[in-house]
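Asks: Mind assembling these two chains? They're in different frames, but the hints should get you there.
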Amino acid sequence: MKAAILVFPGINRDRDMARALKLISGHEPAMVWRAETSLPVGTDLVVVPGGFSYGDYLRCGAIAARAPVMDAVRDYAAKGGLVLGVCNGFQILCESGLLPGVLMRNAGLKFICHDVHLRVERSDTPFTRGYNAGQVIRVPVAHGEGNYEADEETIKRLEGEGRVLYRYCSADGVVDEASNINGAAQSIAGIVNDRGNVLGMMPHPENHVEDIMGCTDGRGLFAGLVQHLEKAA
Amino acid sequence: MKARVTVTLKTGILDPQGKAIEGALKSLGVDGVASVRQGKVFDIELAGADKAKAEVVLKEAADKLLANTVIENYRVELL
Numbered sequence: 003m004k005a006a007i008l009v010f011p012g013i014n015r016d017r018d019m020a021r022a023l024k025l026i027s028g029h030e031p032a033m034v035w036r037a038e039t040s041l042p043v044g045t046d047l048v049v050v051p052g053g054f055s056y057g058d059y060l061r062c063g064a065i066a067a068r069a070p071v072m073d074a075v076r077d078y079a080a081k082g083g084l085v086l087g088v089c090n091g092f093q094i095l096c097e098s099g100l101l102p103g104v105l106m107r108n109a110g111l112k113f114i115c116h117d118v119h120l121r122v123e124r125s126d127t128p129f130t131r132g133y134n135a136g137q138v139i140r141v142p143v144a145h146g147e148g149n150y151e152a153d154e155e156t157i158k159r160l161e162g163e164g165r166v167l168y169r170y171c172s173a174d175g176v177v178d179e180a181s182n183i184n185g186a187a188q189s190i191a192g193i194v195n196d197r198g199n200v201l202g203m204m205p206h207p208e209n210h211v212e213d214i215m216g217c218t219d220g221r222g223l224f225a226g227l228v229q230h231l232e233k234a235a
Numbered sequence: 003m004k005a006r007v008t009v010t011l012k013t014g015i016l017d018p019q020g021k022a023i024e025g026a027l028k029s030l031g032v033d034g035v036a037s038v039r040q041g042k043v044f045d046i047e048l049a050g051a052d053k054a055k056a057e058v059v060l061k062e063a064a065d066k067l068l069a070n071t072v073i074e075n076y077r078v079e080l081l
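Residue numbers (my numbering), protein chains in the order written: chain W, 3 to 235; chain R, 3 to 81.
Some clues are possibly wrong.
Within a straight-line C-alpha distance of at most 30 Å, the following computed DSBU-like cross-link-like pairs (lysine-lysine) qualify [stated by the list, open to error]:
(1) W:K158 with W:K112
(2) R:K12 with R:K61
(3) R:K12 with W:K158
(4) R:K61 with W:K112
(5) R:K21 with W:K158
(6) R:K53 with R:K12
(7) W:K112 with R:K28
(8) R:K66 with W:K158
(9) W:K158 with W:K4
(10) R:K12 with W:K112
(11) W:K81 with R:K66
(12) W:K112 with R:K21
Simulated from the structure, these hints should not be mistaken for laboratory data.
Extracted from the complex, chain R is given alone in its bound form (with noise of 0.2 Å):
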């Protein structure tokens, strides 16, 4: 089973690394942009076929290591 962790910053934490990437678009000439912040995806590869499982495993997963919930949200998704 494939599944994705999505992890975003909170609103309202700085994030100087989503402000470059929105300087840069604007600096392409690529219009519309009006803000940019960025995070992360993980693609994981699950063993076995039980979805509720998964998604235990999964929460667990983002809680303990991939995401820092002081300044991070993440979103789980079985695909």
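Bound conformation, chain W alone (with noise of 0.2 Å):
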């Protein structure tokens, strides 16, 4: 796997990522700063990691959204190229227009640091093909602009084309209004384009990789994209 991740000022999250990237894959990601106009050659999977681009200013993921590499992502994408973004990757992504919706302020108000559980949605795509459908995984979250809001026909949209990836549940699989940490809608937690090639998410399963983590739960998800690689290779 040739993953690239992006870095942008104030993102924290980039080298977690590319620690769990390294560990799963066995291969050392490609750091891309902002300012570049093109991926590196051969790149299978770009990754927007998390942290707080920019300082949040304006709104989460705005600025960074508008930054030249992203050009060269919205190519890589309609191409069909993997893009994973974790928490304001997953903003930056929306930010973007990669991705429908935008995340807004958590319902509560208050940022969130805790695990969550997630459902997994469906075992048959990039972003999940690691795990079962229905499988519940622990991970944790760290946000707080999660809450995932989109129009009603977006909405309809993503549930009717099974869009919806990963949602939050209770510990043993219930999607209900106690679970939905951020008010987000339909209890979402992680959505892909039409395409399905491009995965958005607030929690960090890249924080749930080796046992010294406490859960390792969060593995499943980039083996799979591993696997998927191996395959299509």
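Replies: In structure tokens form, the structure reads like this:
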């Protein structure tokens, strides 16, 4: 796997992501600065990591979404290349137009930083093939603006086309109001674009990949991507 | 030339910050507040004095960056 991790001022989960990718794929990812106008040759996964790009000024992800490197990411995604955005990366992908909708302030107004449970809605995608459909995984979240919202028609399309891949749920997999930590529409934690090659998610799978982290439930996402790319190659 | 771009949330978009401000005003005993919606104001200094051109520039700024038109409306004023 030749992964490229985008780096913007204020991004702070880029090293966590690089460590997780190295651990699971065996290959050191390339770190790509915001001002670059192209991605490294042979890139087969672009990751937009979490953090606070540009201090969350204006709107979360708004300024990073307009950086030169994002034009290269748009071209790459248009050709079917895989793009994964986590946390601030999800916000950046929404602001850049690569994913529909927007991440609003958490309904409870508080910054949320703890483990959550996610239900994997399907296993037949590059981003979920490391899991079983219906499987519940535990991963951390750390965000103040993770409340996914979109107009009614967009939500209907996302649901109708099976594009919600991860949903907040209870420990035993029940999707309800109590487990919907930030008030997101339909308890959405992660969605893909219409072509299925761009995933945005608020939780941090890269922070649950080693025993020392207390949980390795996040590994499946990366292992699945590695499998998918090996099969495609 | 001075200009102002005002960005507000579209009707129907949940505004938890506005709700919190509304609650704070009520707890301060400010009477008669029915509801609060918050937004952003950008005061912009423009080079040149062509009003028509200025409006085009401001609209471009709002569409490209200042507002997320999925959830926000904006208004451009030349001052």
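Asks: Hints first: check each against the structure and report whether it holds.
Replies: Status of each hint after checking the structure:
{"no.": "1", "hint": "W:K158 with W:K112", "verdict": "holds, 28 Å"}
{"no.": "2", "hint": "R:K12 with R:K61", "verdict": "holds, 17 Å"}
{"no.": "3", "hint": "R:K12 with W:K158", "verdict": "holds, 20 Å"}
{"no.": "4", "hint": "R:K61 with W:K112", "verdict": "violated, 33 Å"}
{"no.": "5", "hint": "R:K21 with W:K158", "verdict": "holds, 27 Å"}
{"no.": "6", "hint": "R:K53 with R:K12", "verdict": "holds, 27 Å"}
{"no.": "7", "hint": "W:K112 with R:K28", "verdict": "holds, 20 Å"}
{"no.": "8", "hint": "R:K66 with W:K158", "verdict": "holds, 27 Å"}
{"no.": "9", "hint": "W:K158 with W:K4", "verdict": "violated, 35 Å"}
{"no.": "10", "hint": "R:K12 with W:K112", "verdict": "holds, 23 Å"}
{"no.": "11", "hint": "W:K81 with R:K66", "verdict": "holds, 24 Å"}
{"no.": "12", "hint": "W:K112 with R:K21", "verdict": "holds, 14 Å"}
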